[in-house]
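Undergrad: Go ahead and model the full structure; you've got the sequences and the hints to work with.
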Amino acid sequence: MLEQHIHDYFKNFPDKRGHFGPYGGRFVGETLMGAIYELEQAYEQYRNDPEFLAEMDKDLSTFVGRPSPLYLAENWSQKLGGAQIYLKREDLNHTGAHKVNNTIGQALLAKRMGKNRIIAETGAGQHGVATATVAARLGMECVVYMGAEDVERQAQNVYRMKLLGAQVVPVESGSRTLKDALNEALRDWVTNVDDTFYIIGTVAGPHPYPAMVRDFQTVIGRETKRQITEVTGRLPDALVACIGGGSNAIGMFHPFIEDESVAMYGVEGAGHGIDTGEHSAPLSAGRPGVLHGNRTYLMQDDNGEIIETHSISAGLDYPGVGPEHAWLKDIGRATYVSVTDDEALAAFHELTRTEGIIPALESSHALAYVSKLAPTMSAEQSIVINLSGRGDKDMHTVAAMAGLKF
Amino acid sequence: MSRISQCFENLKADGQTALIPYVTAGDPEPWVTVPLLHALVDAGADIIELGIPFSDPMCDGPVIQKACERALKNDVSIRHVLKMVKQFREKNSHTPIVLMGYANPIEAMGYGNFAEQAKEAGVDGVLTVDVPPEESDEFREIMDQNEIDTIYLVAPTTSAERMQTIASFARGFIYYVSIKGVTGAAALDVSEVSGKLSQLREKTKLPVGVGFGIRDGKSAAEVSEVADAVVVGSTLVRCIEEHADRLDELPAAVAGLLAEMRHAINARDLASA
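Heads up: the protein sequence lines correspond to chains L and A, in order.
Numbers given in this note's numbering equal positions in the first sequence, counted from 1, plus 1.
At position 205 of the second sequence (counting the first as 1) the number is 194 in this note's numbering, and the numbers step up by one without a gap.
The hints are simulated quantities; they were obtained by calculation from the structure and are not laboratory data.
Please note that the accuracy of each hint is not assured.
[Unchecked claim] With a cut-off of at most 20 Å between alpha-carbon atoms, the simulated EDC-like pairs for lysine to aspartate or glutamate come out as follows:
1) L/Lys17 / A/Glu214
2) L/Lys226 / L/Glu261
3) A/Lys194 / A/Glu214
4) A/Lys72 / L/Glu306
5) A/Lys207 / A/Asp258
6) A/Lys62 / L/Glu153
7) A/Lys62 / L/Asp302
8) A/Lys62 / L/Glu173
9) L/Lys59 / L/Glu75
10) L/Lys17 / A/Asp133
11) L/Lys17 / A/Glu150
12) A/Lys194 / A/Asp133
13) A/Lys194 / A/Asp64
14) L/Lys17 / A/Glu123
15) L/Lys330 / L/Glu261
16) L/Lys373 / L/Asp343
17) A/Lys62 / L/Glu306
18) L/Lys226 / L/Glu259
19) A/Lys72 / L/Asp303
20) A/Lys62 / L/Glu309
21) A/Lys185 / L/Asp195
22) L/Lys330 / L/Glu52
23) A/Lys108 / A/Glu130
24) A/Lys75 / A/Glu58
25) L/Lys373 / L/Glu356
26) L/Lys163 / L/Glu173
TA: The following block contains the structure:
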């Protein structure tokens, strides 16, 4: 069954209506349907357009700094005493995370579609900063919606966005976090649909977003495949990435889907522990439902109301997940696990001290899982972790955990 | 003939435009809803749109968002909403009820389970705002089997081609969203609406209701010139919010607002008869 699914994967997913098996789709109000078809059409037109791709490649190389290096974490590998651990250094990208790969693609598309107003939602602020950055460079108006609670805990990124000329709108409704920012961005889009391009930051939302954002992020996996083969002469044995909406994970996984020998692990935020209910792990502990334009695994109560999530990292603090991950879970091609806030924090400190790299708290979830996985493997085997972002933005959170304030 | 179609037939025979108030079930307190619905009927409601509270109402503006939050604070679930309809039906068997909400609470209950219980409670139609025709095949089939009308939206951005598709799927009536935006946002432009409606009427014989942006008797009367039904939501919900700490006065206040619109529409209907 799995073999057949993998064999059919690239032919069939997503299908024409944006479905990955039972997941994905286009669940938005009628007013937005026209805009979604318009976007799909533009994306189909430009995704294989040599001029568009050349402009994107140039930006990724000279503006973002790609290709990002693949780094062998020798000290840490030795300390854990198992597989060789490689870090795909998305933290070294301009603006500090993988998010910019996608915002460049979407902003170039917006420009070609003649839309001069950009809106975005953001949780940790990384996607907001990446969006404000490309908007500044392309001379576009930019409005970023951010949950009021996230505005408080990510003050530095809020200021960065403002410096870049974006308007940051704190969202006071609901749980005042990422999901509410998404609701508000959708409301803006419905109101200003003629001149506005909505840059969604992850592989969720109505079709074509999950497929389009994935395609922009697969540069991570394509580079990794080339780099690891150059160094070790073969494919890695495992890929590990953290999952909020899942864009950095799918960007890493997708080019390897047909390579069955490569295990894939997506790591969700278990927050205070899955049993406590205070987490953000819909694939581990949620049920399928419909939210924000697609059908996928969601954190919800028995009545279908979305429940509040918790994670130490704002970027994972979201009740849904990209529909392609839901499908990869169901067919068994990828394995989804979770680690707690405490485990992630310990891994954050561990990498910082052993390798001199300060990771984002989101990426620290992937690191924490590898600290369990690597010792079960042999020294001839290799793991690649998507180090999706750097930890500068998390200084105050980590300091606060240690009882410091600045 | 469904209760909704019957209602429109009767009104047509009398040369009247339907008036459809929207309220969120359980706002601000669960026990207020059923008496409020009766008061709305007394004030001239022909059909009632009852909102199923949802945690993430992304097609709604702040007024209805807050209504959802007030209802959810009292744990008003989709099951409670069905109970309210059942209770309403104890005293009223003629006014059609359309449930309006988002996909997920209905999905969580299961389409089949929901449809059976909704039918039993006396629900006549369902409008799920985040389920376009593209995603509604299974849902519509199950609703059809249970004789519940699936109501669809048409928007200013809907192409002629899509209108045709929607018209072929729609049951009961078609809901025309008069503005690009969320509920309760801007005031509508009647001439723009009128142009779009004549386009829509070429594709369907179903009655067309118009909602979003109707705030008072004047705008209700203007819309009634071109629409078969006038839908009023945020204006009433705002009145509910204002009376959240004076619950004894609430039904009369909201009904009073609706009655004003009823009078304005009736006057216009008479004038154009």
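Undergrad: Hints numbered earlier in the text: which of these fail when held up against the supplied structure?
TA: Structure breaks hints 1, 6, 9, 10, 13, 22 and 24.
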